[in-house]
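Here's the letter readout for the chains.
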Amino acid sequence: MWSYEKRLQFPVHITKTCPKTASLIISQFGGPDGELAASMRYLSQRYTMPCKEVSGLLTDIGTEELAHLEMICAIIYQLTKNMKVEEAKACGFDAYYVDHTSALWPTAAAGVPFNACEFQSKGDAITDLMEDLAAEQKARTTYDNLIRIIDDGEVRAPLKFLRAREIVHFQRFGEAMEKIKEKLDEKNFYYFNMEFDKQFVKG
Amino acid sequence: MDDRNTLLKEIGEVSFFLDDLRLYLDTHPLEEKAMDLYQQHHQKRMELLKSYADKFEPLTCHCIDLASNNSPDSDTRYAGRKHWTWSDGPIPWDTAANACHTAGILKGGA
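Chains as they are written, first to last, in our numbering: chain L, 43 to 245; chain P, 17 to 126.
Note that these hints are calculated values from the structure, not bench results.
In the DSS-like style, the derived pairs of lysine-lysine whose C-alpha atoms are separated by at most 25 Å in a straight line are: (1) L/Lys48 to P/Lys25; (2) P/Lys98 to L/Lys48; (3) L/Lys94 to L/Lys229; (4) P/Lys25 to L/Lys202; (5) P/Lys71 to L/Lys48; (6) P/Lys60 to L/Lys48; (7) L/Lys58 to L/Lys131; (8) L/Lys223 to L/Lys164; (9) L/Lys58 to P/Lys25.
Looking at chain L on its own, in the form it has when it is part of the complex (with noise of 0.2 Å):
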């Protein structure tokens, strides 16, 4: 169950129509690192993840993350909604166009649509929170991308803010790992898996 809040988690101002840098933010609402993989990726996650306060975490990180994805969006609604044809058309932002007007519809920046297959729901612990691992930094890298092509100071303000949220949610799953090791096999952290050979978890 979730209930909603009407604020962003983080100001979102822009006053500067550019179809062009929306179109490279749009990569963090629909592309392979984006703000709706990761969401997607700790709510699946979950379910079977053995160990509660593992389980938690992945509650409230996806939970956070859907926040994430609303200012991603309203970046992209605030550098779009005035927008003149001309405009989309000499930035290469005339085919969304085409397709969504100016509506939000996640993608990736180079024009693949978003895929479920962006992320892993293993079943197994150790595999799964190695890829929570890894999808912040490749999230992260992506901003660091972000942050070095666009100048406008309004649309860098929030990337900046979502970069170092990147940061602190791979520290809390490298934190979550450790808590998992603890309940494996010391001599041998392959020797079940804890998620599906129950019997052998220790307490």
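Given chain L, put chain P in place with the hints provided.
Same frame as chain L, now just chain P:
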């Protein structure tokens, strides 16, 4: 900065503090200092949300109070009349809802 924006900024700050601390406590469930901070800031957030709902409109469904927000100054087409207040106020993804905090944040050098 008007009263609405000042309150929104305070709510945004205290809520983020709690968002971050919640994740920390998920992996450090016995840290007393963090729990004390959580309690204090949670209380502060509840007070601010109530104060905002009383003066303007509810930000969460828990803050909906149909006896309030019916003043002639409400940000709604039904100002001055008893009405469903959940859709009052600016839309979160519009610049109008975010005008408040940005100036202060950008000062930090974006």
